[in-house]
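Chemist: Please model the complete structure; the sequences and the hints are all you need to start from.
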Amino acid sequence: MAQAPSLASLGLAEARAGLLKKEFSARELAEACLDRVSETEPLISACLHVFRDEALREASLLDAAGPKAERILWGLPVTVKDVYLARGAPTTAGSRMLKGYVSGYEAEVVTRLRRAGAVLCAKTNLDEYAMGSSTEFSAFRPTRNPWDLSRVPGGSSGGAAAGISARQAPGAFGTDTGGSIRQPAALCGCVGLKPSYGRVSRYGIVAYGSSLDQAGPLARSVSDCGLLLAAVAGPDGKDSTSSRIPPEDYASLSPPEPGRLRFALPRELWEARFDPETEKVLRAALRLLEGAGASLEAVPMPALRFSVAAYYVLAAAEASTNLARYDGVRYGYRAPEKSDLLGLYRGSRTAGLGREARRRILLGTFALSSGYYDAYFRKAAQVRRLIHDAFSGVYKGFDFILAPVSSVPAWPLGSFTDDPLTQYQLDMMTLPLNLHGGPGLSLPAGLGGDGLPVGIQILGPAFREKPLLEAGLLLEGLFPRLPEPPLKAL
Amino acid sequence: MEMEPVIGLEIHAQLNTRTKLFCACPTEFGAPPNTNICEVCTGQPGALPRMNGRALELAAKAGLALGSRVNERSLFSRKNYFYPDLPNGFQTSQLDPPICEGGGLEIAADDGSPKLVRLNRIHMEDDAGKCIHDEARGISLIDLNRAGTPLIEIVTEPDISSAREAVEFLKKLHGLLVRLGVTRGRLEEGEFRCDVNISLKPRGASELGVRGEIKNLNSFRFVGQAIDYEISRQGAVYSSGGKVLQETLHFDSVRGETRSLRSKEEAHDYRYFPQPDLPPAEVSPDLLARLRQELPENPEDALARLLGSGLKEEQARLILERRGALDYFDACVVAGAAAPRAASLMLELFLPFCQKEGVSPLESAFGPDLMARLAGLADSGTLGRRKVQELSERMFREGADPEKLTRDLGLSQISDEGELMGMARRAVAESPAEAAKYRAGQDKILSFFVGRLMKLSGGRAEPRKAGELLRAVLAEIPDGGPGGGADGGEGARP
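Chains A and B are the protein sequences, given in the same order. Residue numbering for the first sequence is 1 to 490, as defined by the numbering used here. Residue numbering for the second sequence is 1001 to 1494, as defined by the numbering used here.
FYI, nobody ran anything at the bench for these hints, they're computed from the structure. Keep in mind that this is a model prediction, so the values were computed, not measured. C-beta atoms are modelled at their ideal positions from N, C-alpha and C, and glycine is treated no differently. Among the hints, a few may not be true.
[Claimed, not checked] Some chain A residues close to chain B (C-beta under 8 Å, calculated; not the full set):
#: 1; residue: L85
#: 2; residue: A317
#: 3; residue: L368
#: 4; residue: S369
Modeler: What follows is the structure in C-alpha cells.
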C-alpha cells in the first residue's frame, strides 16, 4: 500500500491551519480523505456507510462561503461510529436488526460537529450495539487492523480507530462504555479520549449501557482530540444526564512541568499477566516518564478486582432493557413468518440480534429478575460505589492514574469469538474508568518488537479533561512517534 | 360464615399538562393517529427522556391536597414488559421512593360515620399507546399519540368495604383533583380510570383473603357494578367450598360480569430497576411552599370565609359549587367590590351567562375588575337594578367598561333630590284624583305615583328615594290648594 497522500495524512490542527490560510480547499481535503477511504476500505472495512457525494457537496458549500476561524472544525473531515444518528443517513449500530433504518433526527454531537464546520465523511463499523472489544461482532463484516490485516482493530469503536490509523480521516467519534474508545485506539496506534460521564451529550446515540456510555473523540494526536472535544462538549437539555459544569478550553493546551506530576499506578492492573512485547513497551514508557522527572508510585486499589464482574452485570442489565425496543414492531427487522405476537417478538429478535447481543440481553435479564436482583444487580451497584470511592481516594494524593490499556496487542481474528469469558477478562484495564465516571486518555506508548502498537492510558478526576489532555501532551512528546501503519498482513 | 369485602383502589389520573411527560409532544385528545409523536415517545434508537416540570408540580400538588408526604427526591424506574403499544419495551414509572407517600381522604362509611381511606402512595408514570384490532382486516394498528402522556397512580390501602364506599371515594377524589387542576378528569377519554383489588375474609378476621384485581374501569357506575358482582362471585366460590384464585380480571360492562385475564402464574416479572436516563425528580422546599400556597382552601374553610364576608349561606354554597366561581368572586373582592353585591351580581346575572355560553368565569371578557366597577355603580345608586341588568349583557358580550357605558348611554340613576322632587310634584299634580284617594287612606296607590315618576324620569329615578319624596309631597297639601312649595305651580291644573 502506498503512503497516504499528503493532505489525508495531515492531522486536524495542521489541516485546519492549511484551510484557514487557503493553502488548499475544504473540497480538496475531503476528496483526499475520501479517495483514501476508497483505497483502504477493501483492506480494513472500517466504514459501514461512506457519504462521498454529500461530503464533497458540503465541502464545496463551505469553500463557497470562505473559511471561518471561529468554527473550530471548519472544513475538517470526520467520521462517526454507526451509533450516532445523522438525519437522513442510515444508522445500523452494527446490527442486522437496524439494517435499512434511516435516522429521522440527529444526534446532538452530530449537530454540534456540523455547527463547528466539520464535514461528515462516513459512519464507522463496530461490534453490534457497541458490545464487544474486537469489532468482530459487527453483523456486517469485521474490521481489520491497519498494522496487521490478519488482526482485529479492537472494539467496539474498531472502525473509528482503524480509519484514523489508516488516514481515512483526521478525526473520528466513537463511544466508550467499558473501553470501546481507548482499547481500539491503543490497538490501532492512535489517541482516544473517553470524557467524563455527562461531558458530551448522549442524545441520539444508540444506547448500550446508559449509565456508562460516553461519546468521545479519536485522532492521531492529543491536541486533535482536544479540538474535537471542544466542538461537542457541554450541557445539552435533551440529555438529562449531561452535566451543567461548563466545559474548559480544550482547544489550547500546553504541557505541564513533568517534575510536578504525581502518577498513581494501580497494582491490580500493573501486576496482571502481560504479553512480553507489550510489557517491554510499557516499562520503557514508564522509564521515559520517570526520567523526565515525574513521580510514579504503585498504589493498591483492591476494589478493581471486581470491576469485570460488576461491569458485566450493570452494563448487561441496562442493555437488556435498552434493546427491548428492537422488537420488530415499529421499525427494523421483522420476522417474515405469520405468527402470533410472541412469535413475532421471538422470530424478530432471534434473527435480528447477533449472538453477543443476545448473550448480554439474557445475562442482564437474569440479573434483574425477581429473586436475583439483590444478588447481582444490587451487589454490582455496590461494587461500583466502592470503585468510585477508590478512585476519589487516589486523586486526593495523586494528579493522575497511569494504567495499561490492554495486556495484549491486537489479536488474530477469531481468537476469542467462542470464548466470551476470556475476552471479557481482557477488558479489565479499561472497565474501572467507566465505573468511576471520570475521563481517560489512551495514547500510543510505542511499537512492540512484533510491529504492533501498544497503548497507555492516563485517568483523571471528573470534568478535568483539560489537565488530562495537557498531561497527555507531555507523554506524547516523551514517547516514540509511530510511523504510518503498513496496511499489510504481517 | 359471614364474609366481608376488603377493597383497595389504584387510580390512574392523567395530569393536566400541555405536553407529554418526557418530550414536548402535545397531549391533546383526538388528533389523527400517530401525529403527536416524536423520537422520544416512539422509542427511536438513541432518544432520551427529559422531565416535564409541570407534571412533577401537579403530582406534588395532588399529594399536598391529600395529606401525603411529598418526597424531596423521588426516583424513576424502568418497568420492563413487551407489548406493541409500549414503544421502549419498558414503562418509565416510580418504584422506590415514589413522589408521595401516605395521606388519605375522608368519606362517609356505610354506617354514616366518617372514615379515612388511607393512601399508600402516589407515583408518576408515562402512559402507553393504543392498539386497535381491526378484526375485519385481521390486523392490529398502533396509535402512539397517547404514549408518554403523564399519569399519576394513586394507590389506597385496603380500607374500603363496599361498592358504595368505593364510588364515594372515587367521586370525592375526582372532584378534588379536578378542582385542583391536577387532572381534567374526563372519564370518557380515559383521563381518570381505576383498578380495583378485592378480596373477602371472614368478618372480623385480620388475615386478608386471596384477591382479584379488576383492571381499567373508567366509570363510577362500572366500579360499583364490578365490585358488587365480584363480591357475590367470590362469596359463591367460598360458600361452595371452592378456592378464590389470585388473578387479573376484566369487567365486561355489557354482561355486567368479570372475566379472568391472567392468573398469578402468568404474572409478569417487571424487572424494575433505576432508570439511568433520568436524575432523581426533585421537589425543593421552595417549590413545595409555593405549591402549598397555590392550593385552594378546603370547602369547609371556604364556606366559613364567605359567610364571614357577609354572604347568605345559599349564596356561599352556590359560589362554592360552580367551577371557577370562587376564584372569580375572590378576584372581584380584591378589585374592590363589596362581597354581598359581587355575590348577588354573580349569581343573578354573571354565572347564568357563563353557563349559557359555556365559558368558565375567569375566561370571560367580563373580568372581575369590570364586575367590581359594576358593583360600585350599583352600590352607589348610580345604576338601578334594571340598568345593571342591561349593562351586564353588553359587558359579558364585549367586555365593555360599565362606567363608560353609563356615561355614554346616559343611564345613570337620578338620585338628586331637587330633580326628583320636581318630578314628584308634577306626578302628584297631574293626577289629583289618585292623590285624593291616597290621602283618603289608600296607601297602595303610592305605587301608581312611583310608576308615573319613573316614566317622567325615563326610568332613571332611584325608586326608593322617589317613593320617599312622593310620600312627602302627598302629605304636604292636605287643603287641596294648587301646587305647593315655591316652585310647585307648573302644570298644576285643577
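Chemist: Okay, which hints does this one fail, numbers in order?
Modeler: Failing hints: none at all.
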